[in-house]
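The residues making up each chain are set out below.
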Amino acid sequence: MISGLRCYWKYLKISLKGQMEYRGSFILQMIGHFFLTLLDFLGIWVLFNQFGKLKDWGLEEVALLYGTITIAFAISDTLSRGLDYCAEYVRTGEFDRFLIRPRSLLLQIIGVEFTLRRFGRLFQGLFVLAWALITLNIHWSLPKVLLMFFSIGGGTCLFVGLWIMQATISFWTVQGLEVVNITTYGGVETAQYPMSIYEKWFQNFFIFIIPLACVNFFPMLEILERPDPLAFPAWMHWVSPAAGILFLIASIFLFRFGVRHYRSTGS
Amino acid sequence: MRPYKALLLVKVKSLFQYRTAAVAGFFTQTFFGIIRLMILISFFGATRQSIPLSLAQTVNYIWLGQILFTILPFRIDPEIATMIRNGNVAYELVRPLNLFAYWYVKAVALRSIPIVLRAVPMIIMAAFLLPLLGRPDWALQPPPTLAAGIGMGFSLIFAILVSAGITVFASLLLLLFISQDGVVSFLYVLVWGLTGILVPLPFFPDVLKNMFYFLPFRGVMDVPCQIYSGSIHGTSIIYEIGLQAFWVVFLVITGTLLAKALTKRVTAQGG
Amino acid sequence: MILVENLRKTFKVREKTGGKTGFSLKRKTRKVHALDGVSFSINKGELVGYIGPNGAGKSTTVKILSGILVPDSGTCVVDGLVPWKKRIAHVRKIGVVFGQRTQLFWDLPVIDTFDLLGEIYRLDKMEYKRTKDRLIAAFGIEKLLPVPVRQLSLGQRMKCELACSLVHEPSILFLDEPTIGLDAVSKLTVRDLIRKTNRESGTTVILTTHDLDDIEALCPRILIIQEGRILFDGAIENLRRKISGERRLIIDLKDSKDRITDSFVTVIEQNGPRVHLSFDPAKIHPADLIKRIIENHPVMDIFVENPPIEEIIARFYATL
Numbered sequence: 001m002i003s004g005l006r007c008y009w010k011y012l013k014i015s016l017k018g019q020m021e022y023r024g025s026f027i028l029q030m031i032g033h034f035f036l037t038l039l040d041f042l043g044i045w046v047l048f049n050q051f052g053k054l055k056d057w058g059l060e061e062v063a064l065l066y067g068t069i070t071i072a073f074a075i076s077d078t079l080s081r082g083l084d085y086c087a088e089y090v091r092t093g094e095f096d097r098f099l100i101r102p103r104s105l106l107l108q109i110i111g112v113e114f115t116l117r118r119f120g121r122l123f124q125g126l127f128v129l130a131w132a133l134i135t136l137n138i139h140w141s142l143p144k145v146l147l148m149f150f151s152i153g154g155g156t157c158l159f160v161g162l163w164i165m166q167a168t169i170s171f172w173t174v175q176g177l178e179v180v181n182i183t184t185y186g187g188v189e190t191a192q193y194p195m196s197i198y199e200k201w202f203q204n205f206f207i208f209i210i211p212l213a214c215v216n217f218f219p220m221l222e223i224l225e226r227p228d229p230l231a232f233p234a235w236m237h238w239v240s241p242a243a244g245i246l247f248l249i250a251s252i253f254l255f256r257f258g259v260r261h262y263r264s265t266g267s
Numbered sequence: 268m269r270p271y272k273a274l275l276l277v278k279v280k281s282l283f284q285y286r287t288a289a290v291a292g293f294f295t296q297t298f299f300g301i302i303r304l305m306i307l308i309s310f311f312g313a314t315r316q317s318i319p320l321s322l323a324q325t326v327n328y329i330w331l332g333q334i335l336f337t338i339l340p341f342r343i344d345p346e347i348a349t350m351i352r353n354g355n356v357a358y359e360l361v362r363p364l365n366l367f368a369y370w371y372v373k374a375v376a377l378r379s380i381p382i383v384l385r386a387v388p389m390i391i392m393a394a395f396l397l398p399l400l401g402r403p404d405w406a407l408q409p410p411p412t413l414a415a416g417i418g419m420g421f422s423l424i425f426a427i428l429v430s431a432g433i434t435v436f437a438s439l440l441l442l443l444f445i446s447q448d449g450v451v452s453f454l455y456v457l458v459w460g461l462t463g464i465l466v467p468l469p470f471f472p473d474v475l476k477n478m479f480y481f482l483p484f485r486g487v488m489d490v491p492c493q494i495y496s497g498s499i500h501g502t503s504i505i506y507e508i509g510l511q512a513f514w515v516v517f518l519v520i521t522g523t524l525l526a527k528a529l530t531k532r533v534t535a536q537g538g
Numbered sequence: 539m540i541l542v543e544n545l546r547k548t549f550k551v552r553e554k555t556g557g558k559t560g561f562s563l564k565r566k567t568r569k570v571h572a573l574d575g576v577s578f579s580i581n582k583g584e585l586v587g588y589i590g591p592n593g594a595g596k597s598t599t600v601k602i603l604s605g606i607l608v609p610d611s612g613t614c615v616v617d618g619l620v621p622w623k624k625r626i627a628h629v630r631k632i633g634v635v636f637g638q639r640t641q642l643f644w645d646l647p648v649i650d651t652f653d654l655l656g657e658i659y660r661l662d663k664m665e666y667k668r669t670k671d672r673l674i675a676a677f678g679i680e681k682l683l684p685v686p687v688r689q690l691s692l693g694q695r696m697k698c699e700l701a702c703s704l705v706h707e708p709s710i711l712f713l714d715e716p717t718i719g720l721d722a723v724s725k726l727t728v729r730d731l732i733r734k735t736n737r738e739s740g741t742t743v744i745l746t747t748h749d750l751d752d753i754e755a756l757c758p759r760i761l762i763i764q765e766g767r768i769l770f771d772g773a774i775e776n777l778r779r780k781i782s783g784e785r786r787l788i789i790d791l792k793d794s795k796d797r798i799t800d801s802f803v804t805v806i807e808q809n810g811p812r813v814h815l816s817f818d819p820a821k822i823h824p825a826d827l828i829k830r831i832i833e834n835h836p837v838m839d840i841f842v843e844n845p846p847i848e849e850i851i852a853r854f855y856a857t858l
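Protein chains in written order, with our numbering: chain A, 1 to 267; chain B, 268 to 538; chain C, 539 to 858.
It is worth saying that the hints were derived from the structure and are not from the lab.
Glycine included, every Cβ here is placed at the ideal spot set by N, Cα and C.
It is possible that some hints are incorrect.
Said to hold, decoys possible - EDC-like, lysine to aspartate or glutamate: derived pairs with alpha carbons at most 16 Å apart:
# : chain 1 : residue 1 : chain 2 : residue 2
1 : A       : Lys13     : C       : Glu765
2 : A       : Lys17     : C       : Asp653
3 : A       : Lys17     : C       : Asp645
4 : A       : Lys13     : C       : Asp653
5 : A       : Lys10     : C       : Asp793
What the hints assert, rightly or not - Which stretches of chain B does chain A cover? Using the computed rule of at least three CB atoms under 8 Å from a CB of chain A, they are:
# : segment
6 : 306 to 318
7 : 323 to 337
8 : 381 to 387
9 : 394 to 401
Can you make the complete structure from the sequences, with help from the hints?
Structural data, given as structure tokens:
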């Protein structure tokens, strides 16, 4: 474990060094990424400006949901490049290169690149979150602060798990993987709004199958001290971000299963 | 005309190879369409203000936007992008063809062929399957008048022509500027924010809405969507299509001039 | 050291049916026996060439030996370990170079790849430094270390690839087309380095290549595989003898009108004064034959030649 972290740190340094070779371009890209992702929030602002309210939710409260899920997604996104390329590695046979190294495959694949320019989205999420926290007037307590970090951490695990699952699918087929974007990019868009505005079947999908609501909506209800429109017990709101961690563990097992398939078919 | 026709045919054939991408695109577009519907229906449910689009018009606008997704000029032709990156573009510049016309034909194919593959299943889903699944309120409805239907048809043709113009214009800018990433992400931001795919343009504050009239991006998606849903009606239909036509002419003329200048620069440097 | 017995591996290959358009959704699967009972053993320190046409099963064998693929049946023990069962323990002891791919970081100096590999293989700091210095000196790549990989020539890059795959001092080295695309001088250098590694560190080397000059220059022993079966295992000389006992003689005559007629030789062709002859060394000793020819004909020069290995292999396939 310690040695794994040390090895990842080495990968990280190399990846950063490589990106610094193109410093100017990377700073431009990061700024571009900041504005591109900020557009999503401007879209939300346009709608609130036109309609006033979303059920009984105001823009500030939605901004809290938006900021936390965006930060979780952005952190996972900096790690996702190698997983995203997994289909390409499998197609070209480059994946074999990972198999001949005496290290965990996931460590090596995630180590392929730490994508610095995706910090653009992270800054944007922090920016929106800061605005929400300043305007919202939340009654802070230590458990609430911890819950906030738990929520972002759980969300990061959930998204990393989704990227791993996408990579896993590529052991069977390398075509049409864009569909997984429904759960990643679509998931972020979904979680930016309160879960209660969606249809029941849709809510259930994002609570029980891909537990997005557990890492964002439920804990934020506690932080905002709002009643739960879905009527789940309060203790569940406090523990629900753990679902993201469980999801990540499940995805790692699936990935191992996928590798076994790859090594018996070589496809 | 013959070389352009041959090019168009080759392009059509190769684009038909991307069937899996079309299936994936279908699911993605349907999913995003449904999320946006649920979000906007909730907004409509809560408001007492007067809104520029009715709920029914909004539903039509969103579905049509998802159907037209592939004509949006998010990226330049990947083939041309690769050529610019590895320098092979020099060969394109010295061909005995009008560079703008050559790239424009390619771009029209790039923007119009995928829509054939995507539109049919999307329309079946949005117009016929949703009512059968018990959600007639989510379904794509026929245009309110015959004029709206016909107007949308014409407007769609011009939308493809505007989109192809923007695509080629961006390719030329990519050739002109040193920082390519800048051009690429800037184009993405403009298309995402200003065509109506992110949020229907009628919902924007008036100040911004008036500004959009001075940019070609509305013509790619917002105009056909508004004509179809009926929020642009009567003689405004003709006026709006005329405006699209103006943007086509504008992009073609400035693009041709830019292409000529760039070709000259390359020939002057000796290729 | 390496013991392979009766390895079998079958792949399912999807075939599109349905005409030119490619619109059909029906797909047929066909079974391909990539390996159909392959057995061989390789001792420590050997340098073995593994050849065969594309799709014969070369890379499947190498993938199984390096722990990437799991075979359907058969056994394989490398250094006491079954490669696909103990992947991590096994790959620590092997080095692999794919000639057509690179393990070097494209935008970074070679030294960064070196250091990362030291970390990946969990090498002890002192030990790593010693090996690194030794390799740098032996390969003569001191000057290349601070250069970003994208600026290296193909030949320079291959030298670095080889050095990098030896950082963890593997006991077995798999080389897949290590000289592909290289110019003549670089090819010689790379061959030299392979030979040196094999001799000085006692590394077992398994080399797959299409360049038969590599094989002739490097490998005392070759394995020929086709359609998943090993068809020949032994020295190149034995193959030569097996295929044809024939030897070649090239003679430059003083007089281009002169004709050689001798019951022991056949004339392959004559270009002016130059005559290509073939003869069977089992019937007449080369020295005796040369003496006979010199006695009967005025001769300018004589060369003895072996049939090129390409021809031997081609004839070998033809006899099957």
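Outcome of the hint check:
{"no.": "1", "hint": "Lys13(A) / Glu765(C)", "result": "violated, 46 Å"}
{"no.": "2", "hint": "Lys17(A) / Asp653(C)", "result": "holds, 13 Å"}
{"no.": "3", "hint": "Lys17(A) / Asp645(C)", "result": "holds, 9 Å"}
{"no.": "4", "hint": "Lys13(A) / Asp653(C)", "result": "holds, 11 Å"}
{"no.": "5", "hint": "Lys10(A) / Asp793(C)", "result": "violated, 73 Å"}
{"no.": "6", "hint": "306 to 318", "result": "holds (count 11)"}
{"no.": "7", "hint": "323 to 337", "result": "violated (count 0)"}
{"no.": "8", "hint": "381 to 387", "result": "violated (count 0)"}
{"no.": "9", "hint": "394 to 401", "result": "violated (count 0)"}
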